[in-house]
Amino acid sequence: MEFTSPQVVTDALESVDYLPDERISQVVFLADRLDKPVLVEGPAGVGKTQLAKSIAEVSGRPLIRLQCYEGLDEAKALYEWNYKKQLLRIQSDVDHDWDTISHDIFGEEFLLTRPLLEAIRSPEPVVLLIDEVDRVEVETEALLLEILSEFQVSIPELGTMTANTQPMVFLTSNNTRELSEALKRRCLFLHIDYPDPEREKEILAARVPGLSEHLGEQVARVARSIRGLDVKKAPSVSETIDWARTLLALSIDDIDPQVLADTMHVLLKYQTDIEKATKELASPAKDSGS
Amino acid sequence: MITVITGFIDELRAAGVPVSMVEAIDAMKAIEAIDIGDRVGLRETLRATLVKNLRHERAFNTAFDVYFSTVPMPKGTGDDEEADSDDRPFPPLPPDDQPEFDLDEFLSQLLEALEGLDEDALRRGARQAVEQLAGMEPGRPVGGTYYLYRTLRRLDMGELEARLMEALMADENLSEFERRLIREEVEARLEVLREEIEEEIRRRLVEDRGRDAVARTLRRPLIEDIDLMHATSSDLAEMEAAIGPLTRKLAARLARRRKKHSGRLDFRRTVRRSLATGGVPVDPQFRHPRPHRPEVWLLCDISGSMATFSRFTLQFTHAMSTHFSKLRTFAFVDTMDEVTNFFGPGIDFGSAVTRITKEAEVVWLDGHSDYGNSLEKFYERYGRQITSRTTVIITGDARNNYRPPRATALDDVAKAARAVVWLNPEPEAYWDTGDSAMAHYGKYCDSVHEVRTLRQLEDFVENLTLPSGRALQNL
Chain Y
10 MEFTSPQVVT DALESVDYLP DERISQVVFL ADRLDKPVLV EGPAGVGKTQ
60 LAKSIAEVSG RPLIRLQCYE GLDEAKALYE WNYKKQLLRI QSDVDHDWDT
110 ISHDIFGEEF LLTRPLLEAI RSPEPVVLLI DEVDRVEVET EALLLEILSE
160 FQVSIPELGT MTANTQPMVF LTSNNTRELS EALKRRCLFL HIDYPDPERE
210 KEILAARVPG LSEHLGEQVA RVARSIRGLD VKKAPSVSET IDWARTLLAL
260 SIDDIDPQVL ADTMHVLLKY QTDIEKATKE LASPAKDSGS
Chain D
1322 MITVITGFID ELRAAGVPVS MVEAIDAMKA IEAIDIGDRV GLRETLRATL
1372 VKNLRHERAF NTAFDVYFST VPMPKGTGDD EEADSDDRPF PPLPPDDQPE
1422 FDLDEFLSQL LEALEGLDED ALRRGARQAV EQLAGMEPGR PVGGTYYLYR
1472 TLRRLDMGEL EARLMEALMA DENLSEFERR LIREEVEARL EVLREEIEEE
1522 IRRRLVEDRG RDAVARTLRR PLIEDIDLMH ATSSDLAEME AAIGPLTRKL
1572 AARLARRRKK HSGRLDFRRT VRRSLATGGV PVDPQFRHPR PHRPEVWLLC
1622 DISGSMATFS RFTLQFTHAM STHFSKLRTF AFVDTMDEVT NFFGPGIDFG
1672 SAVTRITKEA EVVWLDGHSD YGNSLEKFYE RYGRQITSRT TVIITGDARN
1722 NYRPPRATAL DDVAKAARAV VWLNPEPEAY WDTGDSAMAH YGKYCDSVHE
1772 VRTLRQLEDF VENLTLPSGR ALQNL
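First to last, the protein sequences are chains Y and D. For the first sequence, the working numbering assigns the number 10 to the initial residue and increments by one for each residue that follows. For the second sequence, the working numbering assigns the number 1322 to the initial residue and increments by one for each residue that follows.
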C-alpha cells in the first residue's frame, strides 16, 4: 500500500480503527516520503505504540519490535555471535589451518540477528518499532544513530550491512528523560496528546461497538474533565476505552455521580486520584449557583 | 517560498529554538514533497522537521502564525472566505454597510455558531468581531494584547458565556454533575473563539507592519529561560513537565558509583585465587562496593519574597521524593521545621503546600526571612543526624533582612555533611547587595549556583559533581 497523500494515510488508518488527527497523518506521510524515522512522544496510553502497529497492519509489512529497557546493549539490540556454534565449528574441524577456520567462524552463518539487524536484513520492507527509547541510557542511544540515519549496521568482522529495503521506523518515548540532540535531529518529531472530546468520542465509537452516541459523549467529556484536574496519572485513551466497555457491560446508559464513583477505578489507578476526582466530580450537588 | 521559510527559521532561532542546519534542509526537502496550499499540512510538516521539543511548540505556533498568515493561499483550499455563499451566517459585509453594524444581531449569530460548533462560522465571526470591535488603527504601535482585550471586552465574554450556558442547559432537571460537564464544554468553545480572534488580530498586525516587526514584538522567552521569581502559574504548569526527567537525572548523578576497586580487599577470595599461582596472591580480589545510596536534605526558604520560587523548588522536591528513598525536606522563614511527611508518593502536591503553610512551624518571630536563626535551629535540632552521606541543598536568596548571618551554623552543617550546595534564584550580580548575605554563607558551601531559570537548573544537574567522603578526612 502506498501513501500518496496525508488523506490516504488517514483513510488507511481509519480502516483499521485507528483515528489519526491531521498531524499524525501528515507526519506518517512525510516519514514515508522522506524515508525518515519518526520519534513519537506523548503521555502514556495515547496510542503511540498502536500507531506503529496500525501502520504495519495497513501497509501489510511485518512489524519488528525492539522493546527498550535499562541495560539494553548491542548484543540484544543489534547482533551477537553464536559462540556455541563457533566453538563446535572449531572443535569439529581439525584438518584445516587456523586462518581458514577463523575466517569461517565470522560468517553470516554464525550471526544471531537481533531486532535492529533483522529489520535491516529483511528481504521485504518492514515496520521497525523501537519502543520506549527513553528507557535506555544515553550511551546506548548511540547504537541507534547509524541505523536511523543511514539504515545500515557496521559489523567489524563482516563489514557494513545496508538495508535491502527501506524500513519504516517508529521510536516511542514517554519523555521520562530528555533524548539526545543527535537522536532527535535524525527523526521527525511527532507529539501525540490526549485527543479532544470530539475525536475521543469517535475513537470510542470505533473501538467500542454498541456504545450509544450519548454515552460516548459523556465518557469523553468526563475524561477531559478528569484530565483537567491535577491528578498523578491522567486517564489514557486505552483507559477510557476500558471504561466505556465496563459501562456497556454493566448496561448503563447514562453516567451519574453514583455510577462514576462506582467505576472510577477503571479510569484512575491511584487512590489519591480517585479520592480527588470523586470529590470534584461525583460528590452530591452542592449548588454553587453558577 | 524559500525566503519565507528561511525567514521563519531565523525567527525560530531568534526565539531560542535550536534549529540545526540538517533540520533546515530536512524542512526544505519535506516541503517539496507536500502540497503547500494546505496550511495545516504545511504547519505540521514544519513542526515535525524543525521542532523537536514540546517546550518549543508555543514559540513555533506564534512564529508560524506570523510568517504564514498573509501568504496568499490558492483559491478553494477552505481558507478563503470569499468563496462561501451568502446563506451561511456572517455574510461578508459590503464596506458601506459598516455604520449599521448591529452588535446584538452579531452576538446572536455568534452564539448560534458556538452552539452548533461550526468552526467556519466561528472563524468568520472572529474576523468580523475584530473588524468591527477592535478599532485597529494602522501604524499605531500597540501590541496585539491591547486589541485582543478591547475586542473581548466589547464582545462581553461573560455575557456570552452565560447565554451559551443557558442555551446548552435547556433541560431543566440536569444534575450538578451534568452541569459541570457542560460548563467545561462552554469554556472550551469560548477558548476556540478567543484563539480565532487572537489569530485574526495577529494576521492584521502582520499586514500592517510586516512579519519581522510583529514576530519581534510577539517573541516570548522559552519556558526554560523564564525567570523563576516572576513565573506565572501557567508557566509553572508548563515547567512541571520538565521537572520529572530532571529529578531522575539528579538521582542518577548523586548515586554515581566510583569505578574500579574502591571496595575493600576480599581476603578470602584473594587467598583462594592465590592457590592457582602456588600461593602467591597475584590477583587481589575486592569486595564489590555497595551502591551509594544518596541521602538528600533540602532546605527551602518559603518566605513571601520567595513565593514563586519556593513553589517551584517544592515541586521539584515533590518530584524527587519518588527517586530518593532518603529525602528529607525542611522549610524555613525565620526558623526551620521538617516537612518531609507532607510530601511523599501518593500525596497531592497542592494540598501538601497548603498544609505546609498552615501546619509547619516556620515562623518564629515576625515572618521575615532569618537565615541565621533558621540554620542555627536546624543544626541544633537535626545536626546530629547529618552523616557523611548527606548532601544538603539549600534554596534561597540569602536575604537576611540585615540580621546577623550567624554563618558558623552553616559551617557546622558543612563539616558533618558530604556536601552543601546553595541554589540562589537571584542574578549573581545582585548577591551581597543590600541585605543579601550570600558571601557569608557561600564560603562554607561546596558550591553556590545561580538558578534563575529552568535551563540553569538543568545545567546544575548536568554538571553536578560532589566530593566523596570529605567528612571522613575531617575526622
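Watch out, some of these pointers could steer you wrong.
Stated by the list, open to error - In silico lysine-lysine, BS3-like type, Cα no more than 27 Å apart, as pairs: (1) 288(Y) x 1679(D); (2) 242(Y) x 278(Y); (3) 62(Y) x 94(Y); (4) 1679(D) x 285(Y); (5) 62(Y) x 278(Y); (6) 1764(D) x 242(Y); (7) 278(Y) x 288(Y); (8) 278(Y) x 1764(D); (9) 1647(D) x 278(Y); (10) 1570(D) x 241(Y); (11) 241(Y) x 1764(D); (12) 1647(D) x 1679(D); (13) 1736(D) x 1764(D); (14) 241(Y) x 1647(D); (15) 85(Y) x 1736(D); (16) 242(Y) x 1570(D).
In case anyone wonders, no lab produced these hints; they're calculated from the structure.
For each hint, the structure was consulted:
A hinted pair counts as satisfied when its Cα atoms are at most 27 Å apart, and residue 288(Y) with residue 1679(D) qualifies at roughly 22 Å. Restraint check for residue 242(Y) and residue 278(Y): the C-alpha separation of about 7 Å stays at or below 27 Å, so the hint holds. Our distance criterion of 27 Å between C-alpha atoms is broken by residue 62(Y) and residue 94(Y), whose separation comes to about 35 Å. For the suggested pair residue 1679(D) and residue 285(Y), the alpha carbons sit about 20 Å apart, so the restraint of at most 27 Å is met.
Between the alpha carbons of residue 62(Y) and residue 278(Y) the distance comes to roughly 26 Å, so the proposed pair stays at or under 27 Å and holds. For the proposed pair residue 1764(D) and residue 242(Y), the alpha carbon gap of about 43 Å is over 27 Å, so the pair is violated. Taking the CA atoms of residue 278(Y) and residue 288(Y), the gap is about 16 Å. The hint holds against a cut of 27 Å. The straight-line distance between the Cα atoms of residue 278(Y) and residue 1764(D) is roughly 47 Å, outside the 27 Å bound, and the hint therefore fails.
Among the hinted pairs, residue 1647(D) with residue 278(Y) is consistent with the structure: their alpha-carbon atoms are about 25 Å apart, no more than 27 Å. For the given pair, residue 1570(D) sits about 20 Å from residue 241(Y) by alpha-carbon distance, which is consistent with the 27 Å threshold. A hinted pair counts as satisfied when its Cα atoms are at most 27 Å apart, and residue 241(Y) with residue 1764(D) does not qualify at roughly 40 Å. Note on residue 1647(D) and residue 1679(D): the hinted pairing holds, with a Cα-Cα distance of about 25 Å set against a maximum of 27 Å.
Taking the CA atoms of residue 1736(D) and residue 1764(D), the gap is near 12 Å; set against the 27 Å cutoff, the hint holds. Of the supplied pair hints, the one linking residue 241(Y) and residue 1647(D) holds, its CA atoms being roughly 21 Å apart against a limit of 27 Å. Taking the CA atoms of residue 85(Y) and residue 1736(D), the gap is about 47 Å. The hint is violated against a cut of 27 Å. Taking the CA atoms of residue 242(Y) and residue 1570(D), the gap is about 21 Å. The hint holds against a cut of 27 Å.
Hint compliance for this structure: hints 3, 6, 8, 11, 15 are broken, all remaining hints hold.
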